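As given, the protein sequences belong to chains A and B, one line each in that order.
According to the numbering used here, the first sequence is numbered sequentially starting from 1.
According to the numbering used here, the second sequence is numbered sequentially starting from 112.
Possibly wrong hints are sitting among the right ones.
[As the list claims (entries may be wrong)] Derived pair list, reagent style DSSO-like, types lysine-lysine, alpha-carbon separation capped at 30 Å:
no.: 1; chain 1: B; residue 1: LYS138; chain 2: A; residue 2: LYS57
no.: 2; chain 1: A; residue 1: LYS22; chain 2: B; residue 2: LYS155
no.: 3; chain 1: A; residue 1: LYS9; chain 2: B; residue 2: LYS155
no.: 4; chain 1: A; residue 1: LYS103; chain 2: B; residue 2: LYS155
no.: 5; chain 1: B; residue 1: LYS173; chain 2: A; residue 2: LYS103
no.: 6; chain 1: B; residue 1: LYS138; chain 2: B; residue 2: LYS182
no.: 7; chain 1: B; residue 1: LYS155; chain 2: B; residue 2: LYS173
no.: 8; chain 1: A; residue 1: LYS73; chain 2: A; residue 2: LYS15
no.: 9; chain 1: A; residue 1: LYS57; chain 2: A; residue 2: LYS73
no.: 10; chain 1: B; residue 1: LYS155; chain 2: A; residue 2: LYS73
no.: 11; chain 1: A; residue 1: LYS22; chain 2: A; residue 2: LYS57
no.: 12; chain 1: A; residue 1: LYS65; chain 2: B; residue 2: LYS155
no.: 13; chain 1: A; residue 1: LYS57; chain 2: B; residue 2: LYS155
no.: 14; chain 1: A; residue 1: LYS9; chain 2: A; residue 2: LYS73
no.: 15; chain 1: B; residue 1: LYS155; chain 2: B; residue 2: LYS138
no.: 16; chain 1: A; residue 1: LYS73; chain 2: A; residue 2: LYS22
no.: 17; chain 1: B; residue 1: LYS162; chain 2: B; residue 2: LYS173
[As the list claims (entries may be wrong)] A few chain B residues that face chain A, going by a derived Cβ cut-off under 10 Å, partial list only:
no.: 18; residue: GLY114
no.: 19; residue: GLY153
no.: 20; residue: ASP167
no.: 21; residue: THR213
no.: 22; residue: GLN214
[Stated by the list, open to error] Here's a subset of chain B near chain A, in silico, CB distances under 10 Å, partners left out:
no.: 23; residue: GLY209
no.: 24; residue: PRO218
no.: 25; residue: GLY219
Don't read these hints as lab results, they were simulated from the structure.
Predicted model only: the values in this text are computed from it and were never measured.
Glycine included, each C-beta is placed from N, C-alpha and C at the ideal position.
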Amino acid sequence: AQRVTQPEKLLSVFKGAPVELKCNYSYSGSPELFWYVQYSRQRLQLLLRHISRESIKGFTADLNKGETSFHLKKPFAQEEDSAMYYCALSGPHSGNTPLVFGKGTRLSVIA
Amino acid sequence: NAGVMQNPRHLVRRRGQEARLRCSPMKGHSHVYWYRQLPEEGLKFMVYLQKENIIDESGMPKERFSAEFPKEGPSILRIQQVVRGDSAAYFCASSPPGGRDTQYFGPGTRLTVL
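Just chain B, with the same shape it has in the complex:
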């Protein structure tokens, strides 16, 4: 089991561009979480998805950010019209069905906005 995969590992964008971050959960996992870590801060929850459903997006900024987890393929976190304040590490975690197991983290994508 390869673990949670994220790509790209590093992403550089200019202000106003779009950023797409991908997350492939562990095999057999149907729950995906996205967290953001700003410099000198802990990880902050953004959104929780199951296949084709957004379960909880209470941590997502209201504008420019969106997430999906399609039936096939990875989960995507999309940031439109990036600003310098979006520079952060974005982590994805997955967990299996049932809710009893904990979350397993990917290596993260470090987004830098110039």
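Looking at chain A on its own, in the form it has when it is part of the complex:
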């Protein structure tokens, strides 16, 4: 069964502290993994995808197939990072297959 688990419902960190949002998945095959972010009163938007291997807004995520994880990290949190973060997976062609989402983690960065 396809499943995405985000164990933390809420994560609070101080400004300047490192951030790690956890994501584990189960999928038989080679999934594509994504992080989506939803800022207050804004639509869900793509933050990054594992095949791009890029850093967006200082965030990175590495796909660990052995641990079936795709944790999101940032070395120094900023107040503007406060948002809801969703980890998601899809089949190999993400435009043609539904996304499976985790329940989300609310990140709160405290000044």
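Mind docking chain B on chain A? Use the hints.
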């Protein structure tokens, strides 16, 4: 490009009424997805459509729910005889042909059933 549009943004219905949610995909996008988000839950896939075709409706409840994406006009998610448990945020996403690009989301429609 205006992005994915959804209307209405908020919809209030009484039990037993019908709800119609509309989604206009991004220009050039021919794939549309509908997701539902219940309180305290992640988004759950409902249905995947291309123009005039339902590709995958494995996430749709068997009764009262239907979706279409006509040749002209927006995609419509229709819920007949709404019940309180239908109260949720409904999100539409679109993607271009080819399958290589990801999905882009609309702002959602928040349905409240009284």
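(message) I'd like to know which numbered hints this structure contradicts. Please list them from smallest to largest.
(response) none
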